[in-house]
Amino acid sequence: MAKEKEIQEKFNLKKEIKMAPGYIIVLIWVLFTFVLLGWVLAASFSTTPDIFQGKTLEFPTGFHFENYVKAWGAQNVSVIFMNSLVYSLISCVLLILICAPAAYALSRFDFKINKLIQTSFVSAMGVPVVMIVLPLFGLVSALNVLNNELSNRAVLILLYVGINIPYTTIFLLTFFSNLSRSYEEAAAIDGCNEVKTFWKIMFPMAQSGIVTVTIFNFINIWNEYFLSLIFANSDKLRPVAVGLYSMINSMRYTGDWAGMFSSVIIVFIPTFILYIFLSEKIIAGVTGGVKG
Amino acid sequence: MKKSKSVLFLFLAPAVLIFLLVFVYPIIRTVLMSFFKIDAVTDSISAWQFTGVENYIKLASTSIFRSSMLNLLKIWLFGGIIVMSLALLFAVILTSGIRFKKFFRAVIYMPNIVSAVALATMWLQYVYSPQYGLFKDMFSALGLDGLAKIQWLSSDHKFTALLIAYCFGMVGYHMLIFMSGIERISPDLYEAARIDGANKIKQFRYMTLPLLKGIFKTNITMWSITSVGFFLWSQIFSTVTADSQTITPMVYMYLQTFGAGNAVTERNAGLGAAVGVLLSICVVLVFTVCNRLLKDDDLEF
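Quick note, the sequences are listed as chains A and B, same order. Per this note's numbering, the first sequence starts with residue 1, numbered consecutively. Per this note's numbering, the second sequence starts with residue 1001, numbered consecutively.
These are calculated hints, taken from the structure and not from any lab test. We put the beta carbon where it would ideally sit given N, CA and C, even for glycine. Accuracy of the hints is not assured; some may be wrong.
If you want the ones that stay clear, here's a sample from chain B, every Cβ over 12 Å from chain A, calculated [to be verified]: (1) V1016; (2) T1062; (3) T1160; (4) D1188; (5) E1191; (6) R1292.
Heads up, incomplete: computed chain A residues facing chain B, CB under 8 Å, no partners named [said to hold, decoys possible]: (7) F65; (8) I157; (9) V161; (10) E194.
The following block holds chain B by itself, in its conformation from the complex (with noise of 0.2 Å):
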């Protein structure tokens, strides 16, 4: 069919122009202030200095910056051990045939919707409670009264609470990726596996996993896009700024760019874009790993 180029340009301009506006011109614009050194964001282009790569390399001996990198590491290893375990864990129950299944996924998905605010201020100011905390009441009904006793929000189990309550809202939805891959393998391998003396763990094991390559890619490279962006949860749980248990990169860029705090001694937005290309790189290296070890075979199925 012919399709006139005016209607074309009529369809596609609002958005591509939006999309250049809105993405590519700030993305080769953070590329380009990586290399400067720049007093303040507004400062047009005149008013840079190019100083190559010193900024990468103050970042890199810069040690709350460094701190920063290993929290989000931290983050990003341990916390996706924990949100892939229980996911795929959620998702080979849910998918097995238990009954109320629709609500369960309901109920565990639902934390995604939630304003992250709302979510992370009943973690800290409820949950971790010392005085009528959850975590408290659970654990010394249960009798464990060393669990019971730990002060969450101390400087020494600040991370690991932060950790727990942001991978509480995480769960549900790479269940939910987990789960549509489930659904894709057809009945009928488990029907034969099931006819060759394949027990249920088996079967997980051979089938299952191996199936679900392509899922575990999707899920890694969302996890990955998430942790990068990870801001909110480490602002909510400090109590000070740049708090060196709880920092992660984007609160450092925060502080250094927007100066709310008392953190920064210099002010320099090439730093800041340097951190946002440091964090960009990350993904894609994530992304390319990723895509070599889980290569897709041509399973069909």
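Next comes chain A alone, as it looks inside the complex (with noise of 0.2 Å):
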């Protein structure tokens, strides 16, 4: 209906002047930030000496495509790229393989701790990082997992998923209370049993929600860096954030610029894709997984 609306409106100097300050306020910002991602672009594709003589935007010696091959080869961006894809690909469908059951449990079934457990699954996306680290680093020791690298990446997967799983069920627990109870019974009265119910009904008729959640899943993880940093062991098992920062670091001190400006383009990129198409999937996301 609002979008009909808004294809209808026809322009009226006299609303669009009274707005004016409206859309300078907005324009100033948006400006601002297309300035920022501009320039680093530009300066991933420029030479150190130009960024420092201010001429990024001039490209004086030419498009230097070499920044992101060096990137992406010797300075390893490939290696934690591929990593996160990893990390994020399988936590993403564990989360909706473990949470999707979970959520659609809590909405149609009657028992004691049912309450119990959907609002300790909400105080605990309150529950501040520190809080939990401190034992679960000491169990991964203990449990002398982080010397081998499958299993490390199986531990940083394991943490991925744990820390979604409240967030991600919460979501699809009220996606699956607004669906109606009715395609059950007709399927309990064809004689389908409850497991079959669940994913060749009721999973499929949440898709959207699941598309959704799995959107915000994924740049969660893929953004991740408290954790990452504390669980894994060594450079090869390090994901986007983690990976990045110590590269920028080194960067840093070789005095490359123009190839920390290529690598922080290379992990900004696949979110930013993303974002791009599901913007609208994105955003209706944000405020229906909050509410007032």
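Take the two lone chains, each set in its own frame, and fit them into one complex as the hints suggest.
Structure follows, in structure tokens:
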């Protein structure tokens, strides 16, 4: 309905002039954001001497795509990039497989501790990560799993899944609660068992909620920093956020500013592309997840 | 409808088990740890020495921890005021029937989806650069030489620089929450107010603001939760470990327990745990105070 209204609305000069201060304020902010991103993008194709001479936007020595080649290969951006991609994708899939049934059960089944589980999950979203990190580190060290590459990766994925369980479950819970019960009743009459009913009928119906929450989880896990810093034991295992941080530090010492900016852009790109295509869905998800 | 217990268990068990492992067990253990002296995080309970509230007393008398709490308070209060005002301003502008609303909204929210390391690097290495920085160029172009001359990353201005950069990224998220609240207010109410002769400012003061009480509560709670976890920005903006200008409790706890620096004289994981408990208490306090002050009246809209 809102959409139709926007199209029908005709250009009304008087009204637009009245809103001019609003336009100006928002435009300044948006312009600033564009200059910030645009300059960093330009710098990533430039050279360090050009950047320091303030000629970033003039490209006196042409475009330097080799910054990217160098960052991707020699600076190991490819390693951290692939690490993050693997961690994020596996965690997102696991989160749905674990949380969707749980959310469905909480929305449909009547049992004693249903309310307790829901309240605990909601409160857990406000728990600062400092509150849980020490015992987790103790536990993981005691099990001696950080010495092995594969088990270290598994620990990271388990942690990414673990900290996102409350949010994912609560988000999907509201989604399942809004689905009509008549589908399950029909399925039960047709002799379909509960597990099958869920995966074959209810799960596909919650698809749009699942997609939204997965985008969020992907972005969160892609950008996760603190846990990765503590639990990723070697350079080979680091995801982008931590890897980029140490890379930036070393590039500052070697003085490769152009290379630093191209690494920033490489890390920036995946979530940015997701955003360009799915910004409407992401924005709807932000306000759908939290209620006033 | 009757549901079998085994199905319930099958559906719920994985989520609940991981939740117990990743949240419940660590929270309980952290609370316990904060009352003990523990040489290494990995020590078993038998090696802990009970010291009561010693850890808390020690924290209170550590000057670097006190400055970290002060920094956090400043970030929460000043940052909160800046972010909430801008977020509310943008939300009001964008919901007032402006053109390209979706585009503006998308651009303002954008910093939230970008890796904070990338965003912080852009600010640190570009905007604040004394040689080719955006602030320097922007302010000299506007003729504000005083502002252009500021060395943003010197120890006098570092905290301000950090706060500005952090707030820039946070505005979008809180704006979206304000917008969802404003859009829920029925346009009929504004129509009625307009007919009764209330101008835009009066409408905002006497209608929008009171109706947004619940939204303010959500925003303040969310802001407090993210502030408490303030870590990455502080780490990126500090050139030395344990920089009293930019240190936050979480950075202190990291240095204290994972010992990645020279600031730590004594290894005691109990102190780190006590930091966690204190921060959690802060969140709970803010939440309770908000609930008291901004009671959801039975306003229907």
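A quick look at each hint next to the structure:
no.: 1; hint: V1016; in the structure: violated, 7 Å
no.: 2; hint: T1062; in the structure: holds, 16 Å
no.: 3; hint: T1160; in the structure: holds, 17 Å
no.: 4; hint: D1188; in the structure: holds, 15 Å
no.: 5; hint: E1191; in the structure: holds, 15 Å
no.: 6; hint: R1292; in the structure: holds, 17 Å
no.: 7; hint: F65; in the structure: violated, 20 Å
no.: 8; hint: I157; in the structure: violated, 11 Å
no.: 9; hint: V161; in the structure: holds, 7 Å
no.: 10; hint: E194; in the structure: holds, 5 Å
The structure fails hints 1, 7 and 8 (numbered hints given earlier, in ascending order).
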